[in-house]
Amino acid sequence: MTPSATVLGFPAYMKRLYAFTLVVLALSGFAQMPIFKRYYIADVPGLGWLAQYYVTHVMHYLGAALLLGLVAYAVAGWLAGRPRPRLTGAGAVRAALLVGLIVTGVLRVIKNFSGVYMSADWIVFLDMLHIALVLAYVMAAIWAAAGKKRWTTQP
Amino acid sequence: MPSISRRHFLKGSMAAACGLAVSRGAEAADGGGGEPLATLLDIRKCVGCEACVLACQETNGHKYPQPKKPYPKMYPSRVKVSDWSDKQDVTDRLTPYNWLFIQHATVTIDGEETELNIPRRCMHCVNPPCVKLCPWGAARQEPNGLSRFDPNICLGGNKCGEVCPWDVPQRQTGVGLYLDLLPSLAGNGVMYKCDRCYDRLARGELPACIEACPEGVQTIGPRSQILAEARRIADEIGGYIYGAEENGGTNTIYVSPVPFEEINRGSEYGPGRPHMEPVEDQMKLGNRLAAAMVLAPLAGAGAAISRMMRAAQGPEEDKTATDSAPDEGRDRP
Chain P
1 MTPSATVLGF
11 PAYMKRLYAF
21 TLVVLALSGF
31 AQMPIFKRYY
41 IADVPGLGWL
51 AQYYVTHVMH
61 YLGAALLLGL
71 VAYAVAGWLA
81 GRPRPRLTGA
91 GAVRAALLVG
101 LIVTGVLRVI
111 KNFSGVYMSA
121 DWIVFLDMLH
131 IALVLAYVMA
141 AIWAAAGKKR
151 WTTQP
Chain B
1 MPSISRRHFL
11 KGSMAAACGL
21 AVSRGAEAAD
31 GGGGEPLATL
41 LDIRKCVGCE
51 ACVLACQETN
61 GHKYPQPKKP
71 YPKMYPSRVK
81 VSDWSDKQDV
91 TDRLTPYNWL
101 FIQHATVTID
111 GEETELNIPR
121 RCMHCVNPPC
131 VKLCPWGAAR
141 QEPNGLSRFD
151 PNICLGGNKC
161 GEVCPWDVPQ
171 RQTGVGLYLD
181 LLPSLAGNGV
191 MYKCDRCYDR
201 LARGELPACI
211 EACPEGVQTI
221 GPRSQILAEA
231 RRIADEIGGY
241 IYGAEENGGT
251 NTIYVSPVPF
261 EEINRGSEYG
271 PGRPHMEPVE
281 DQMKLGNRLA
291 AAMVLAPLAG
301 AGAAISRMMR
311 AAQGPEEDKT
321 ATDSAPDEGR
331 DRP
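Protein sequences appear in the order of chains P and B. Read left to right, the first sequence gives residues 1 to 155 (my numbering). Read left to right, the second sequence gives residues 1 to 333 (my numbering).
Be aware that a few hints might be false.
Unchecked claim - Where chain B lies over chain P, by a calculated footprint (3+ residues, C-beta under 8 Å):
hint: 1; segment: 23 to 35
hint: 2; segment: 106 to 116
hint: 3; segment: 135 to 146
What the hints assert, rightly or not - Which chain P residues face chain B? A few, computed with CB under 8 Å, are given here:
hint: 4; residue: Ala64
hint: 5; residue: Ala96
hint: 6; residue: Val99
hint: 7; residue: Gly100
Claimed, not checked - No farther apart than 27 Å at their CA atoms in a straight line, the calculated lysine-lysine pairs in the DSSO-like style are these:
hint: 8; chain 1: B; residue 1: Lys63; chain 2: B; residue 2: Lys80
hint: 9; chain 1: P; residue 1: Lys15; chain 2: P; residue 2: Lys148
hint: 10; chain 1: P; residue 1: Lys37; chain 2: B; residue 2: Lys80
hint: 11; chain 1: B; residue 1: Lys87; chain 2: B; residue 2: Lys69
hint: 12; chain 1: P; residue 1: Lys37; chain 2: B; residue 2: Lys45
hint: 13; chain 1: B; residue 1: Lys69; chain 2: B; residue 2: Lys45
hint: 14; chain 1: P; residue 1: Lys15; chain 2: P; residue 2: Lys111
hint: 15; chain 1: B; residue 1: Lys73; chain 2: B; residue 2: Lys63
hint: 16; chain 1: B; residue 1: Lys69; chain 2: P; residue 2: Lys37
hint: 17; chain 1: B; residue 1: Lys87; chain 2: P; residue 2: Lys111
hint: 18; chain 1: B; residue 1: Lys73; chain 2: B; residue 2: Lys87
hint: 19; chain 1: B; residue 1: Lys80; chain 2: B; residue 2: Lys69
hint: 20; chain 1: B; residue 1: Lys80; chain 2: P; residue 2: Lys149
hint: 21; chain 1: B; residue 1: Lys87; chain 2: B; residue 2: Lys68
hint: 22; chain 1: B; residue 1: Lys73; chain 2: P; residue 2: Lys37
hint: 23; chain 1: B; residue 1: Lys80; chain 2: B; residue 2: Lys68
Everything labelled a hint here was simulated from the structure, so no lab data went into it. In this text, a Cβ means the ideal position worked out from N, Cα and C, and glycines have one as well.
Turn these sequences into a full structure, and let the hints steer you where they fit.
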């Protein structure tokens, strides 16, 4: 291995997959709230699944698995990269929000197992924090896209 | 095994549960050893007197909704007001004001047409979708196996009602937190259902419906003992059990002298009148997918390392790997 010349990139198809994953997660995530049927969005042909809670629940889990795979790919590549790329400020903000989303999401997945009891206050806190982090990530992503800010830069 | 009567419950399991309740607060009156409490309903014994229904209403009346009228105009117009406040005397189905009703089923036993009476209320699932899928945390499950809704948080979106295999939760408009948020645009009241008298259990008392029943239809105890007792009765009478496996298992176990398919055929069910059909575990697929969430990062990291190793093997591979990083490649100083 020649580490001094090796930096793992994020191929274009993976970028598209990442964007697709975020869209699936956002749609299926917001569909956990009873809004898509109320506001006719689920009436749009092809979007009826947004009003089926068990479908969106499974879609969210599948999206989460994809996200975890992509994040692990990026993190492993970043850790092994020579020279190791540095996170930009915009990258660090989005990475921190992603970590928060993943941690709260994993805790919510654990909560859904049979026999797992969490206090009502803790569940409310987790739910609210997960939603707040989603909104923050959406804003951070828009900010980064508008300013053409990168995730990493080379040292 | 002896049947678990009210007296047994009070003297035995409840004694242990009460000790826990005192030490761990109002949410801790479980079946001992962390095991949830379950109820057993012997359908043969119910005479349909509705003493349980009345006791439920008297005991839980202070929890019933007191909506403010007129209700906010709802947008869009497809959102309908769900108002039971003028129909509080309805007892032949579940409503926000009636958390337990007697379902009647005409069946044939030994060639003779018979009417069975079946107390119906929340099944208190072992893994309740209403609790686990509530987007706000307004629904909660307690270690003693009961599930209940917090009327101070619930927005009345009826998701719990839609994911409940038995359509148990019932909505009342004009009450709850949504009135203080965006009453016309989001939410529609509060959801209500049996909370298995969580407050009475926490005080070491029996749920009202169990205490009031003159026929001893219901018993309560640790789930393993309740299941064992249900199986013993079923074996003894050649009967059938409902609730042990449905939706992955519930904490409400029915024992019947006839198959539940027959009960289902012989009873009226629909909105507010739960069926007794087989129910698959609604949370099973999601929880199985959780395994994919464990494997996905391993696969992702493995793919990255594999690609790095291939890239490191030669200049051409290396170049490919570097150039295929559009962000980093383009912007690298």
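Violated hints, by number in ascending order, as checked against the structure: Going through the list in order, the structure violates hints 3, 5, 6, 7, 12, 13, 14, 17 and 20 and respects the others.
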